[in-house]
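All chains, please: the whole structure from these sequences, using the hints.
The listed protein sequences derive, respectively, from chains A and B.
Okay, so the first sequence: first residue is 1 according to our numbering, each after it adds one.
Okay, so the second sequence: first residue is 1 according to our numbering, each after it adds one.
The set of hints was computed from the structure by calculation and includes no laboratory data.
Just so we're clear, the structure is a prediction, and the values are computed from it rather than from any experiment.
Even glycine gets a Cβ: it sits at the ideal position worked out from N, Cα and C.
Covered stretches of chain B (chain A as the covering partner; in silico rule of three or more C-beta atoms under 8 Å from a C-beta of chain A):
no.	region
1	20-27
2	103-115
3	164-172
As a list, the in silico SDA-like pairs of lysine to any residue whose alpha-carbon atoms are at most 25 Å apart:
no.	chain 1	residue 1	chain 2	residue 2
4	A	8	B	187
5	A	238	A	174
6	A	161	B	194
7	A	164	B	162
8	A	46	B	174
So the chains spell out like this:
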Amino acid sequence: MPRTLFDKIWDFHRVGQRGDGRDLLYIDRHVLHELHAHHAFAQLEKQGRPVRRADITFAVQDHTVATKPGRDENTNPGGTAFIKAMREGCRKNGIRLFDVDDREQGICHVVAPEMGLVLPGATHAVPDSHASTVGGLGALAFGCGTTELGHILATQVMAMKRPKSMRVRLDGRLGAHVSAKDIALRLIADLGVAGARGYAVEYAGSAIVAMPIEQRMTLCNLNIEMGGRSGFVAPDDKTFAWLEGRPYVPQDQMWDRALAHWRTLTTDDGAVFGREVTLDCGELEPQITWGTDPSQVVGISGKVPEPAAIDASRRAAAESAFAYMGLEPGTPLMGLPVHRVFIGSCTNSRLPDLEVAAMIVKGRRVADGVFAMVVPGSSSVKREAEAAGLDRVFRDAGFFWGESGCSMCAGGNGDRAEPGQRVVSTTNRNFENRQGPKVRTHLASPATAAASAITGRIADVRQLVGSH
Amino acid sequence: MQPFTTHSGIAAPLLVDDMNTDQIAPFLPSRSLKDDYKVMLFNRQRFREDGGEIPDFVLNKPQFRNAGILVTGDNFGAGSSRESAVWSMLANNIRVIVAKSFADIYRENCLQNGLLPIVLDAGVADAFIVRVVAADGAAPFTVDLITQRISGPGGPDISFEIPGADRTRLLEGLDDIGMTMKHVDEIVSWEREAAKAQPWLQQAADHRR
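Now the structure itself:
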């Protein structure tokens, strides 16, 4: 019987079935961060249980670390205890830690792929809902809570009900300055914030084939915003080229053997999905959120929708979003004054994201009254960007150029906007109060964010730099 | 995990869909390893920045201050995987959430902590919400996981279903790791086989070292 790629990965990793009917799924790589690790370490210690496979477990300090140049563990006092507790837990248990001062520290979902800790067809778990970012390399990744994190540390398996399979086909050639972020926002708008709940989503189609690895990661990162349990792209030659030579990727004969296997990681012709969705991306314009959940999206030339145009079940949420965002129905998004711009997070902080933004910013100035930040996704991305001179481009334009971490995505490190401020952000959630109390977040691509920083208003990047 | 058999409490109606974990358990400026989960719950809906209470929020209304059951709409617990969004319920003695549906990770986190996530079909849920609103905190509802029934003012008992295995785990307060470790031989043998079939999965070395 023809099988989906999801079936192939799941079936290989299925260790057995527990008494309660849940499958035990082996986790090949487990990556922790400091916000949740200490609870799990404390729980295991109390129970006298060892970490089963410290050698395939990794830890990254990201959620609470300061981004201020010259930062250390004390720069954000709210993070110090978390950082130290994870450091101590990693030391006791022999876990490789990418600490605050490690030259390869960064956001866990950025560090793991660039270090080669993510492999096609491998399973991956992180105590964070954006775990499936790494699905862009063809890994099957799951986010989980803190107790489950302890369970994986102790057993190296997750106990799960098998998700259903969905395929999202993305066809058409993307227009100028349109990227995976815009596709993802459109999908979330079309399917809803629970549209992929219960599903592992395979992204396929001609737009995926053409898409660079980093954008595939952006797309898979946002899979959770439509409720998906996991999201991935079948690996191809781009994937293999991207991975080859990275520090933890197999080498020499082992590489050859792995590669031969990875080439079999495709969905068979005729395999059946529980749900299939198609989106033609050819006509897509840059997208931006207007409301307080990631499904409240319009094209950049669009307006805040009229209540009558909104599905009845979503109208109350929209009314509440109008009030929170300080927006009237019918207001064009373009031209709204912006106080702050944030380029970063596990969604959009990899080198190509920064290159796109720098190209737009180069030779221009951040508008008066706008505070604009770039926070690279990892210290490695930061170094590479600096080697390419991108930091100068951003700093000359008036951007803050920070040390790597999650930063303003959820403000866990103290990077926040002020009450009432309007922010264009390349992050993943525009929830109320997420980027600070009463802060109004508009999610968009790095290109849209960069253009908005320059104009001081929500902007169509194509008007700023031309649509070529 | 604390076993769950029955729970009686005032049912508070929080009649929204897609309530996300950033609202349920926001990051607070004063974070510590032992956060105050009681204060964290719906913090920005419950409190102004000066610390004063926002009287309109349902859990601040006198009749719902000691609610033990939360009744809500679709896709409760969307967003982040933070388990504090469950712990903060328990810290406020809320041990049952009745919803039209839950986000996947949130439901898993509930099961890990003995917080009972009950899903009712939309029609049944709407009828129950009418009763909860009418009761207005004057009389409690009782949730019985053994018989899988909700009883209380305003009508007959309502039956609900929790998948058998999840129910057993909640009723007995089973330790998740303990349940899995019964399969440790299978895990070991999987590792042995994987080391032969896809050896790169079972080793992770930095080749530069």
